[in-house]
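Student: Below are the chains, spelled out letter by letter.
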Amino acid sequence: MIKKLLAIFTALILFGCTEQTSTLFVGEAEGSVTNYENDTHGTYASTYVPLPSENTVIRNATVFDGDGNKFINYDIYFSDGKISAMGRDLVVESAKEIDGTGKYVTPGIIDNHSHMGVYPAPGVRTSSDGNEATSPNTAEVWAEHSVWSQDPQYKLALAGGITTFHVLPGSANLFGGRGVTLKNVSGNTVPDMKFPDVPHSLKMACGENPKRVYSSRGPSTRMGNVAGYRNAWIGAENHRDRLEKDPSHRDIKNETLVGVLDGEILVHNHCYRADEMATMINISQEFGYKVSTFHHGVEAYKIANLLADEGICAALWADWWGFKHEAYDMTIANIAIVDQARGGTGCAIVHSDSASGIQRLNQEAAKALAAGREAGFDISEQRAMTWITKNPAKSLGILEKTGTLENGKDADIVIWSGNPFSVYSKAEQVYIDGALAFDKATNFMPHTDFDLGVKEWEGK
Amino acid sequence: MKILRLLLLLPFLVLADGDDLYLLKGAKVFIADEGFVAKDILVDDGKIILVDDFIENIETGDVIDVQGKFITPGLLVFSSLGLLEIGALPETNDTGSDIYNAGFDPSRAYNPFSQAVRLNRSKGVTSTVNIPGASGYFSGMLTYTKINGGMKQKKQGPLGLVTSYGQSYNDSRAANLMYMEDLFSYVRTNHDDNYADMTQFMLGTTNEYKFTSRDFKAIKKVLDNEMPLVVKVNKATDILNVIKFAEAQEVDLILWEANEGHMVANEIAQAGVPVILDPLNNIPSTFDSLNATYENVTRLNDAGVVMAFYYEQGAGAHNAYLATQSAGNSVAMGLDYNEAISSITSNPADIFGLINVGYILPGYDADLVVWDNDPLELMSSVEMVMIDGEKQDLSNRYKELTDRYTKELDKPNSYRSRE
Numbered sequence: 001m002i003k004k005l006l007a008i009f010t011a012l013i014l015f016g017c018t019e020q021t022s023t024l025f026v027g028e029a030e031g032s033v034t035n036y037e038n039d040t041h042g043t044y045a046s047t048y049v050p051l052p053s054e055n056t057v058i059r060n061a062t063v064f065d066g067d068g069n070k071f072i073n074y075d076i077y078f079s080d081g082k083i084s085a086m087g088r089d090l091v092v093e094s095a096k097e098i099d100g101t102g103k104y105v106t107p108g109i110i111d112n113h114s115h116m117g118v119y120p121a122p123g124v125r126t127s128s129d130g131n132e133a134t135s136p137n138t139a140e141v142w143a144e145h146s147v148w149s150q151d152p153q154y155k156l157a158l159a160g161g162i163t164t165f166h167v168l169p170g171s172a173n174l175f176g177g178r179g180v181t182l183k184n185v186s187g188n189t190v191p192d193m194k195f196p197d198v199p200h201s202l203k204m205a206c207g208e209n210p211k212r213v214y215s216s217r218g219p220s221t222r223m224g225n226v227a228g229y230r231n232a233w234i235g236a237e238n239h240r241d242r243l244e245k246d247p248s249h250r251d252i253k254n255e256t257l258v259g260v261l262d263g264e265i266l267v268h269n270h271c272y273r274a275d276e277m278a279t280m281i282n283i284s285q286e287f288g289y290k291v292s293t294f295h296h297g298v299e300a301y302k303i304a305n306l307l308a309d310e311g312i313c314a315a316l317w318a319d320w321w322g323f324k325h326e327a328y329d330m331t332i333a334n335i336a337i338v339d340q341a342r343g344g345t346g347c348a349i350v351h352s353d354s355a356s357g358i359q360r361l362n363q364e365a366a367k368a369l370a371a372g373r374e375a376g377f378d379i380s381e382q383r384a385m386t387w388i389t390k391n392p393a394k395s396l397g398i399l400e401k402t403g404t405l406e407n408g409k410d411a412d413i414v415i416w417s418g419n420p421f422s423v424y425s426k427a428e429q430v431y432i433d434g435a436l437a438f439d440k441a442t443n444f445m446p447h448t449d450f451d452l453g454v455k456e457w458e459g460k
Numbered sequence: 461m462k463i464l465r466l467l468l469l470l471p472f473l474v475l476a477d478g479d480d481l482y483l484l485k486g487a488k489v490f491i492a493d494e495g496f497v498a499k500d501i502l503v504d505d506g507k508i509i510l511v512d513d514f515i516e517n518i519e520t521g522d523v524i525d526v527q528g529k530f531i532t533p534g535l536l537v538f539s540s541l542g543l544l545e546i547g548a549l550p551e552t553n554d555t556g557s558d559i560y561n562a563g564f565d566p567s568r569a570y571n572p573f574s575q576a577v578r579l580n581r582s583k584g585v586t587s588t589v590n591i592p593g594a595s596g597y598f599s600g601m602l603t604y605t606k607i608n609g610g611m612k613q614k615k616q617g618p619l620g621l622v623t624s625y626g627q628s629y630n631d632s633r634a635a636n637l638m639y640m641e642d643l644f645s646y647v648r649t650n651h652d653d654n655y656a657d658m659t660q661f662m663l664g665t666t667n668e669y670k671f672t673s674r675d676f677k678a679i680k681k682v683l684d685n686e687m688p689l690v691v692k693v694n695k696a697t698d699i700l701n702v703i704k705f706a707e708a709q710e711v712d713l714i715l716w717e718a719n720e721g722h723m724v725a726n727e728i729a730q731a732g733v734p735v736i737l738d739p740l741n742n743i744p745s746t747f748d749s750l751n752a753t754y755e756n757v758t759r760l761n762d763a764g765v766v767m768a769f770y771y772e773q774g775a776g777a778h779n780a781y782l783a784t785q786s787a788g789n790s791v792a793m794g795l796d797y798n799e800a801i802s803s804i805t806s807n808p809a810d811i812f813g814l815i816n817v818g819y820i821l822p823g824y825d826a827d828l829v830v831w832d833n834d835p836l837e838l839m840s841s842v843e844m845v846m847i848d849g850e851k852q853d854l855s856n857r858y859k860e861l862t863d864r865y866t867k868e869l870d871k872p873n874s875y876r877s878r879e
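Heads up: the sequence lines are chains A and B, in that order.
Anchor point for the first sequence: position 453 equals 453 in the numbering used here, and the numbering is continuous, going up by one each time.
Heads up: take any position in the second sequence, counting from 1, add 460, and you land on the numbering used here.
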C-alpha cells in the first residue's frame, strides 16, 4: 500500500501535477487499510485530509533541520505538502515567497507525551477520560476512543509550533491501553486528526501509580507490578497460540499485547526510577518485545548507557521533580546525559505531559541544553533541536514521514521570530503538510466549536 | 551630591571591620524604573550602603569583579519552599491544616535544609512568600521568609489572609458571597477576643466550616486593615463581586490568579487592587477561566494594575525559581522588560509592604543575584547569590547527582567522590 502511494507520489512530483495534490491525500485516506492488523478492517483508520496548501519557498532563514544540522541563509521549498528542495538561492517556479531573513525555521515540533483530548479543557469530571482505572490491565482500551475533537487546547499547542502529538492513556494501570498519534489539525472526528499509516502504541506504567491505585486489590507493591506484567504477557502468548488453531477468535485486550509481541505496536512505558527501567528491560527480553520509549524517567541519566545500548529513547521533562518520591532524584542535565551516552548515540526526548508545557517545548529544550553545557557537555543548539523533532518522531515510528526537514517528508514546518532557544521567540507561522495552519501576524488559527461564543474579546 | 554622599560614608567605611564588606564592581545593576545600568554596589553588615556609577576600591573587605555581569535583587517567589519536600508524601508536606484555617501560618514549619530550598537558592531565589493550604474556608496566612542557609531566617508577616472564590461543588457562588458577608459581620460584632474555641459558625446549619479563636483573630486583622484579604479568583464577574465585597467591608484586597482579570482590567486598576498571577496561565482550564489568555498581563499592565508573577506550571512548588521563565514569556507577549523583572522582585515587595527588600537601593537588605547574562533568558545562569550580605552556598543535591553521573565513571557510582 505504502509502496503504491509512494509510486503515485513520485509520479506526481515528476510530472508536477500540483493540482492533484489533494486527490492524492484523499485517496490515501480512503484507501488506507492500515498495515497494523489490530486496526481491524480499516474501521479505525485515519481519514485525515490536509488543508489546502500552496507551493511555498522560505528564503534566507537560519534552519535547524532537526537532524542535528544548522544552515545559515538557507531556503526551503515545499510543494504538494512535501518538502521538495533545500539549499541556497533555490530556483523555483511559481511559489509563494516568504522572506525568512532573521527568522529561524525548524521541523514541526512533536510531543510524544500528551493528554490533550483525553483530559481536555475545561478539566471537568464529564470529560475526564484519560484513565480507565478499573483494572490494572486495560490493554483493551484505546485513547483515540476518549479523545474529544473539540478540545480548545490544540490550538494553544499549535501556537507553540506543535504539529504532531501523541495522546496516551493515563498511568493508573500497568497496561493503560493504546495511544494515538495525531496531526495537530482540526477535525470533527478523531480519525480526521489521526496521523495516517503509523504504528499504534501501548501505554505501560511502572512504580507508584499502579501500586497506589490498586493497593487494596493488588498490585500493591513494585514486585506485584512486575508479576502483573509477566502474567499478562504469558496470557498474550497463550492468546497467540490459540489464534493458530482458531484465527477468528477475538480478545481485544490480548490483541493489543500480541501486537506488541509481533513488533507492530510500540511500547511507551511510564517509568521514573533507573532500577525499575532496568527491570522493565528484563521483562521485555523475557517475552521478546522491545520498549520504544521510557517516559518521565527522572532517573534515566543513571542508566544512560544501558538505554543507548538497548536503543531505547527516554522522553523526559527538563526540570519537573519532587511531586512524587520516584521523581526526587532530579537533575536538569538528565536529557543531556541521556543524549550524550555512548558517544552521543542516546535518544533523548523533551516531552510535556502538560497542556501548558506542550506550548513551550522549545523553551524546555533550552533549559535542558543549558544544564547539559553546565555539566560539561559540548552540545549544539542544532543537536538539542533533535530532542523535540527527530527523536520523538523516531520514538513514535513516524520518522520516515516527519521530524526532520528532508526532501520528500511532510512539510511540517515552523517559522520562528528568532532563535527558538530564546524565551523571547515565538512561532510566527506553522505549516502542516504544507498548509498554513497558524499565522501569528494575522491571528489565523483554528477555533474549536467550544471556543465559539466564548472569546468575544479575541481579535478585537 | 555624589561626593557628599561618599564623604558622609567615609567615617562608616573606616569603622567597618571588613569582614562582611563587599564591593561589587562593574556589573549592570537592575534599578527599578530605570532598568539595567552600570553601577557599583557597596555592601556592609548585610545592607546595601551605596549604589553609584563608580565607587573607589575599598581597602578592607572583598572587591568582587562582576564586570559584564547582571545583578538583580534576589527573586521573591510565591511557593511552598521549605514546607514541602515530596508532593505525594503527606509526611513531608507541612503546607496544610485541618485544625486551623484563617489563623494557620505554615511558615512556622519552615525547613531551611529542604532540597527544594537549596536548588531554588542556587537559581537566584532569596525569599519566598509561602502558599498556605489549609482545608477550611480560608487556606491560611501568607508569610515572607528569606531562604538563606543556616538555621535562622528573617521573616515578615503575616502579610495576608488567603481564601478562594468562584466555582464550587456545593453552594452557589452567590451563597458563598453571602456567607463571607455574614462571617465578617459576625467577627465585627464579636470583637472582644472572646471567641469560644472551635466555634462552629452558624450552628444549626449544614455548613462544616469551623473557626477557632486563632482563626477569628486572623479574620479580625483583615477587618482592622492590619493585613489584606487575598482572594484566588478567576472569573471576571467574580472578580468584580470580590472587589465590591472588599469595598463594602472596607478591607484591603489582593487578587490571585485572575485568569479573566483582563476583561475587567480597568475596574481592577480603579480599585487600586494588585494582582498576583502566572502569565503562562492561558488555558481555559475551568469554566471560571474560559477567557484565559496570554494577553492577561499586557492588558492588566495597560490598565495600570500592579502585578507580581509566580510560576505554577508543572512541578511549580519545587521550581518556583522559574518565575523568570514566566516573566520572560510575559516580555515575549509584549510586557515592558523592566516591568517583568520588577514583577518578580520589587512589585511583590511593594504589594505586601515588605520592609527593605526587593530593591537595590542604599539601606535595603543586600539580597543580590549575579547572573552571567539576561536573567530572564532560559540559558542564563546564576553565579553568585547574596542574602543579607552573606554569600550563599549554591551547592545542592541536583548538582551532586549530576557530578556523580558525569565524573569518575570508572568507579562504582556510590564510591565516586562527593566534591
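Errors might be hidden in some of the hints.
[To be verified] Facing chain B, a subset of chain A residues (Cβ under 10 Å, in silico): (1) 52; (2) 77; (3) 208; (4) 282; (5) 422; (6) 425.
[Claimed, not checked] Calculated pairs, SDA-like style, for lysine to any residue (alpha carbon to alpha carbon, straight line, at most 25 Å): (7) A:426 - B:755; (8) B:871 - A:279; (9) A:426 - A:67; (10) A:426 - B:871; (11) B:859 - A:323; (12) B:529 - A:67; (13) B:867 - A:426; (14) A:401 - A:329.
[To be verified] So these bits of chain B aren't anywhere near chain A, every CB distance computed over 10 Å: (15) 518; (16) 773; (17) 844.
No wet-lab data here; the hints were simulated from the structure.
Glycine is no exception: its CB is placed at the ideal position from the N, C-alpha and C atoms.
Student: Decide, hint by hint, whether the structure agrees.
Tutor: Here's how the hints hold up against the structure:
A hinted interface residue such as residue 52 (chain A) counts as satisfied when its beta carbon comes closer than 10 Å to some beta carbon of chain B; here the least separation is about 28 Å, so the hint is violated. The interface hint given for residue 77 (chain A) is violated, since its Cβ lies 29 Å from the closest Cβ of chain B, which is over the 10 Å cut-off. Taking 10 Å as the C-beta contact cut-off toward chain B, the hint placing residue 208 (chain A) at the interface holds, the least distance being around 7 Å. Checking residue 282 (chain A) against chain B: minimum C-beta separation of about 20 Å lies over 10 Å; hint violated.
Against a cut-off of 10 Å between C-beta atoms, the interface hint on residue 422 (chain A) holds, since the closest Cβ of chain B lies about 6 Å away. Against a cut-off of 10 Å between C-beta atoms, the interface hint on residue 425 (chain A) holds, since the closest Cβ of chain B lies about 7 Å away. With a CA separation close to 14 Å, the supplied pair residue 426 (chain A) and residue 755 (chain B) stays within the 25 Å bound. At most 25 Å may separate the alpha-carbon atoms for a hinted pair to count; residue 871 (chain B) and residue 279 (chain A) meet this at roughly 23 Å.
Distance restraint check for residue 426 (chain A) and residue 67 (chain A): the Cα-Cα separation of roughly 21 Å lies within the 25 Å cut-off, and the hinted pair is therefore satisfied. At roughly 45 Å between alpha-carbon atoms, residue 426 (chain A) and residue 871 (chain B) are farther apart than 25 Å, so this suggested pair is violated. For the suggested pair residue 859 (chain B) and residue 323 (chain A), the alpha carbons sit about 19 Å apart, so the restraint of at most 25 Å is met. A hinted pair counts as satisfied when its Cα atoms are at most 25 Å apart, and residue 529 (chain B) with residue 67 (chain A) does not qualify at roughly 34 Å.
Restraint check for residue 867 (chain B) and residue 426 (chain A): not satisfied, since their Cα atoms lie roughly 37 Å apart, outside the 25 Å limit. This hinted pair does not check out: residue 401 (chain A) and residue 329 (chain A) have alpha carbons roughly 36 Å apart, beyond 25 Å. Every Cβ of chain A is farther than 10 Å from the Cβ of residue 518 (chain B); the closest lies at roughly 32 Å, confirming the non-interface assignment. Interface exclusion of residue 773 (chain B) from chain A breaks down, the closest Cβ pair being 5 Å apart, not more than 10 Å.
Annotated as non-interface, residue 844 (chain B) keeps its C-beta farther than 10 Å from every C-beta of chain A; the closest such distance is 15 Å.
Of the numbered hints given earlier, the model fails hints 1, 2, 4, 10, 12, 13, 14, 16; all others are met.
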